[in-house]
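Peer 1: Note that this note's numbering has the sequence shown beginning at 1, numbered continuously upward.
Among the hints, a few may not be true.
[Unchecked claim] With beta-carbon atoms standing in for the labels, derived distance ranges:
hint: 1; residue 1: Thr205; residue 2: Val23; range: 20 to 30 Å
hint: 2; residue 1: Asn236; residue 2: Thr69; range: 50 to 60 Å
hint: 3; residue 1: Ser56; residue 2: Gly30; range: 18 to 28 Å
What the hints contain is simulated information worked out from the structure, not anything from laboratory work.
Just so it is clear, CB atoms sit at the ideal spot from N, CA and C, and this is done for glycine as well.
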Amino acid sequence: MSIATIQTDRLGANPFVVEGPIVSGSGIPGPNFSLGAVAGGDRESEWVYCQLVLASQTTLQPGQWFQWTRDYVASLLTTAAAVVGNRCGVFSGAAQPPTITGGPIGSITLAAGTYYIWLQRNGQAPALVTTATAALVVAETTTTAGLANAPASATVSTKAIANVNFAAANQTFTATTVNGSPVLTNLSALSANSGPFIGASVSGTGIPGGTTITGITYTPNNVVQSITLSANATANGTGITITATGVLEATLMRPFLSKTN
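All chains, full assembly: derive it from the sequences and hints.
Peer 2: Take a look at the structure:
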C-alpha cells in the first residue's frame, strides 16, 4: 500500500481524510480543494480529489473501485453504472471518521450526504478482486458495487478496466494463532506495502470459514506487527500458513473504462 507524502502545491492535502458531510449553510467549508486536485506519494502513487454524493448510509472499504466523471464526481463502480471512457481508481482507506464509524486507514461508514474524497489512480494499492486466477490477465467490472474481477478471460457484457494489473491471485504468510483469540502475531513472509489488507478473506489451520481481516497494526518503521480477524482462532498454532484473498495488491497506471466486453 502506498503512503502519501503530500507532494502538492495545495498545503494540507491528506488523501486519507474524508471530508463531510457538507451541508449548505452549516458553516463547514467544502470542498477544501479544487475538484481534480492531485496529491502524490511514494511508489509513484497519486490521488485525485473527487466529490461523492451518497443517497443512503454507505460503508467505504479500502480497495473499493470507483469511477469519476470529467467533473470529478465519483461513484462506486458497477457494470451497470460504468461509463466507457470514465477514469477509475480505488479508495485507499479513511484516516478519520466524520460520521458513524471508522478507523485509522480503514473502513468508514458514512451517512447520506455530500462528501469529498481522494481516490488513488496511480501506484500500488489494495484492490477488491473476485475470481482471481493465476494469470490475472484481465480486469473488469462486476454487478457488485466497488468490486472488480480478474478472470483468465473477459466476461461478456462487463466493462474492461484498462491499465491495472495484480501482483498475484492470493497472498500467503505465516503466523501464530491462539485458541479463542482473533489476533495473529509473529508474522513473516509479508510486506506492509503489498498486504495483506483490511477486508481480505483468510484461511488456514484453526481459522474458521468466512473469516476476514478487520484490523492491522504496524510498528513505527511500518512493519506489520499484528492482524486482527473477524473471528477467534479455534486452535493454538505456530508458523501456520495463512492465505489471504479478495483484496489484492494492484498496480494502478491511471486506469479507465476502455470498452464493453
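Peer 1: For every hint, state whether the structure bears it out.
Peer 2: Taking the hints in turn, this is what the structure says about them:
One distance hint, 20 to 30 Å for the beta-carbon pair Thr205 and Val23, is violated here, with the actual separation near 50 Å. At roughly 52 Å, the beta carbons of Asn236 and Thr69 sit within the given window of 50 to 60 Å. Between Ser56 and Gly30, the C-beta spacing of about 20 Å keeps the proposed range 18 to 28 Å intact.
Comparing the model with each numbered hint stated earlier shows that hint 1 is the single one that does not hold.
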